[in-house]
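Based on the provided sequences and hints, a complete structural model is requested.
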Amino acid sequence: MKITDEQIAYCMECGVCTGSCPVARHYEEFSPRSIIKQLLIDREDVVTRDRIIWRCVTCARCSIRCPALIDIPQIVNRCRSEARKAGYYPEPSHHGVFHIIPRLQLRDFLQDRVGWASQWRVRRQGEYFYFVGCAPYFSSMFRYLQIRPLNISRAILTLLNAVGIEPVVSNREVCCGHDALWTGEEETFVKLAQKNVEAIRRSGAEVVIFSCPEGYITFKHHYTEALGKLPFQVIYASEFFMERIDLLKRLLSRDGEELERVTYHDPCRLGRLEGIYDSPRILLDAVPGVERMEMERSRENALCCGTSAWIECSSCSKSIQFDRLEEASDTMALDGSEEGGILITSCPKCYIHLNCARAALPEDRVAKKLQIEDIYVFLARHVTEIQDK
Amino acid sequence: MSLQREPLIVAFVCNWCAYAGADLAGVSRMQYPPNVRLIRLMCSGRVNEGFILKAFEQGASGVLVSG
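Here the protein sequences come in this chain order: A and B.
For the first sequence, my numbering begins at 31 and goes up steadily by one.
For the second sequence, my numbering begins at 145 and goes up steadily by one.
Take the hints with a grain of salt, since some may be wrong.
Straight line, CA to CA, 35 Å or less: simulated DSBU-like cross-link-like pairs of lysine-lysine [stated by the list, open to error]:
(1) A/Lys225 x A/Lys259
(2) B/Lys198 x A/Lys250
(3) B/Lys198 x A/Lys67
(4) A/Lys348 x B/Lys198
(5) A/Lys279 x A/Lys221
(6) A/Lys279 x A/Lys250
(7) A/Lys225 x A/Lys115
(8) A/Lys348 x A/Lys259
(9) A/Lys225 x B/Lys198
(10) A/Lys67 x A/Lys225
(11) A/Lys221 x A/Lys250
(12) B/Lys198 x A/Lys115
(13) A/Lys67 x A/Lys348
(14) A/Lys115 x A/Lys279
(15) A/Lys250 x A/Lys225
The following label-pair restraints were derived from C-beta to C-beta distances [unchecked claim]:
(16) B/Gly206 x A/Asp276: 33 to 41 Å
(17) B/Gly206 x A/Ser345: 35 to 43 Å
(18) B/Asn192 x A/Arg202: 26 to 34 Å
(19) B/Cys187 x A/Glu217: 33 to 41 Å
(20) B/Ser205 x A/Arg151: 36 to 44 Å
(21) B/Gly206 x A/Asp75: 48 to 56 Å
(22) A/Arg232 x B/Cys187: 42 to 50 Å
(23) A/Ser345 x B/Cys161: 30 to 38 Å
(24) B/Gly203 x A/Pro318: 20 to 28 Å
To give an idea of the chain B side of the interface with chain A (calculated C-beta under 10 Å), a few residues [claimed, not checked]:
(25) Asp167
(26) Met174
(27) Tyr176
(28) Pro178
(29) Arg181
(30) Glu193
(31) Phe195
I should point out that these hints are in silico values taken from the structure, not numbers from a laboratory.
A virtual CB, placed ideally from N, CA and C, is assigned to each residue, including glycine.
The structure is reproduced here in structure tokens:
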């Protein structure tokens with residue numbers, strides 16, 4: 031596929047993309063505008079050979095503000111796939127584990143990936159399918175940060191059971207392929223997509239629920255592009271619970287009188303790429319005793335969590351993350367004297383990245399005391415205590 | 145060939161203990177199965193999750209970390 035898109039020709043060189051880019055603030059040499067310019071003068075070879083193309087966090091802050099509506103993340107994505115074909119690869123984070131796991135999942139062996147769900151009411155066949163995603167892998171990989179991303183999935187099951195739904199969880203599920211797609215591994219992506227669609231079809235599910243925004247947009251847009259119309263519906267968890275908010279409101283309660291101060295961090299995939307801004311906020315407001323504050327950079331202006339697709343984590347990523355943590359603690363007017371103030375996100379990767387950054391903050395920084403919690407864990411905590419193990 | 149049916153084991157071994165042990169076995173002319181492939185490291189602390197998964201990805205049936 032030729033990279034130059036007709037759409038690029040509409041670029042008016044206003045530079046809003048570079049001005050909006052969180053990466054460009056830290057790397058002078060990174061500029062979405064100059065990437066587009068290079069492509070315009072037919073220099074794909076320059077772009078694909080340059081490391082720069084892997085530094086983009088694909089957060090879409092550029093494209094949402096672009097007056098010519100150029101989809102810069104998609105263009106970057108296409109350049110990456112060309113780069114990979116030409117033998118240029120990104121620097122993987124976490125020893126490349128999260129790029130190898132999906133490739134291993136393409137082999138014919140059955141994973142044991144639902145053992146954790148035995149305490150909840152789940153099924154092998156049924157109308158609703160809960161797509162767990164990478165959470166089990168994240169939980170074992172990020173023990174050193176003292177976090178358990180699998181608690182997000184536990185919380186989802188608690189909430190689904192609470193509203194009377196017994197979802198299917200499956201051992202046949204594989205990685206959604208989001209990271210393979212965004213690091214230019216199209217072939218791996220398509221194979222993963224086929225495996226997942228087949229696994230879900232066999233479960234007889236009509237509705238697939240996602241707690242990870244990446245999985246959601248990958249199914250909703252990229253699977254449809256690669257495989258055509260899907261034999262089931264996809265819905266993001268916050269939207270799903272929104273439809274049942276009256277029931278959920280009756281279940282939400284609070285012990286004690288103390289107010290909880292929270293602020294919501296919009297993940298780029300859910301917000302800018304999908305336009306879901308309101309349902310997580312409405313769900314948070316439904317919890318009694320929650321004082322929700324809005325960060326200055328929120329909704330379509332939200333700051334990225336610093337890195338994506340498990341590549342190119344750098345000092346730039348850390349600077350972006352520190353910036354976000356400080357913004358959250360300023361917004362909630364924390365003074366560092368006591369614990370309190372919860373930064374809530376709905377993406378497991380934002381959750382991991384922000385936790386990692388907080389662990390790296392010096393002790394005397396106010397943001398060090400900030401709590402970071404996933405929205406579903408927060409909600410489930412007010413429905414019933416979930417067990418950490 | 146029955147050999148090809150044998151599982152391929154990749155062993156990451158520490159220069160200062162496990163590798164020395166394997167070396168001693170060799171010097172003493174003790175036999176060990178050829179389907180174990182040793183990879184010598186200066187310390188088994190060098191091993192990370194990526195090494196292990198990469199070995200599986202490239203066809204290993206088992207990975208031994210020894211040190």
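Results of checking the hints against the structure:
1. Of the supplied pair hints, the one linking A/Lys225 and A/Lys259 holds, its CA atoms being roughly 15 Å apart against a limit of 35 Å.
2. The suggested pairing of B/Lys198 with A/Lys250 holds, with an alpha-carbon distance near 31 Å, which does not exceed 35 Å.
3. At most 35 Å may separate the alpha-carbon atoms for a hinted pair to count; B/Lys198 and A/Lys67 exceed this at roughly 38 Å.
4. Proposed proximity of A/Lys348 and B/Lys198 is supported: the alpha carbons are some 27 Å apart, at most 35 Å.
5. Between A/Lys279 and A/Lys221, the direct Cα distance comes to roughly 41 Å. Violation of the 35 Å bound is thereby established for this hinted pair.
6. For the suggested pair A/Lys279 and A/Lys250, the alpha carbons sit about 28 Å apart, so the restraint of at most 35 Å is met.
7. About 24 Å separates the Cα atoms of A/Lys225 and A/Lys115, which keeps this hinted pair within 35 Å; it holds.
8. Taking the CA atoms of A/Lys348 and A/Lys259, the gap is near 39 Å; set against the 35 Å cutoff, the hint is violated.
9. At roughly 22 Å between alpha-carbon atoms, A/Lys225 and B/Lys198 fall within 35 Å of each other, so this suggested pair holds.
10. Of the supplied pair hints, the one linking A/Lys67 and A/Lys225 is violated, its CA atoms being roughly 39 Å apart against a limit of 35 Å.
11. Between A/Lys221 and A/Lys250 the alpha-carbon distance is near 16 Å, which keeps this suggested pair within the 35 Å criterion.
12. Pair hint B/Lys198 plus A/Lys115 holds up; C-alpha atoms about 21 Å apart against a cutoff of 35 Å.
13. For the hint pairing A/Lys67 with A/Lys348, the CA-to-CA distance comes to about 28 Å; that is within 35 Å, so the pair holds.
14. Simply put, A/Lys115 and A/Lys279 have alpha-carbon atoms about 51 Å apart, too far for the 35 Å limit, and the pair is violated.
15. Restraint check: the Cα-Cα separation between A/Lys250 and A/Lys225 comes to about 16 Å, which is no more than 35 Å; the hinted pair holds.
16. Checked against the hint of 33 to 41 Å, the C-beta distance between B/Gly206 and A/Asp276 comes to roughly 54 Å, which is inconsistent with it.
17. Checked against the hint of 35 to 43 Å, the pair B/Gly206 and A/Ser345 passes, with Cβ atoms roughly 38 Å apart.
18. B/Asn192 and A/Arg202 have their C-beta atoms about 29 Å apart, which keeps the hinted 26 to 34 Å range intact.
19. With their beta carbons about 37 Å apart, B/Cys187 and A/Glu217 fall inside the hinted range of 33 to 41 Å.
20. At roughly 37 Å, the beta carbons of B/Ser205 and A/Arg151 sit within the given window of 36 to 44 Å.
21. Checked against the hint of 48 to 56 Å, the pair B/Gly206 and A/Asp75 fails, with Cβ atoms roughly 43 Å apart.
22. Separated by about 46 Å at the C-beta atoms, A/Arg232 and B/Cys187 satisfy the suggested range of 42 to 50 Å.
23. A C-beta distance of roughly 37 Å is found between A/Ser345 and B/Cys161, which places it inside the suggested range of 30 to 38 Å.
24. Our hint of 20 to 28 Å for B/Gly203 and A/Pro318 is violated, since their Cβ atoms are close to 56 Å apart.
25. Given the 10 Å rule on beta carbons, the hint for B/Asp167 is violated: about 28 Å separates it from the nearest Cβ of chain A.
26. For B/Met174, the shortest C-beta to C-beta distance to chain A is roughly 34 Å, which exceeds 10 Å, and the interface hint is violated.
27. The closest approach between the C-beta of B/Tyr176 and any C-beta of chain A is roughly 28 Å, which is over the 10 Å cut-off, so the hint fails.
28. Checking B/Pro178 against chain A: minimum C-beta separation of about 25 Å lies over 10 Å; hint violated.
29. Interface hint at B/Arg181: violated, since its Cβ lies 19 Å from the closest Cβ of chain A, which is beyond the 10 Å cut-off.
30. With its C-beta approaching chain A no nearer than about 5 Å, B/Glu193 sits inside the 10 Å limit, and its interface hint holds.
31. At its closest, the beta carbon of B/Phe195 sits 7 Å from a beta carbon of chain A; the interface hint therefore holds under the 10 Å criterion.
Consistency note: the structure conflicts with the earlier hints numbered 3, 5, 8, 10, 14, 16, 21, 24, 25, 26, 27, 28, 29.
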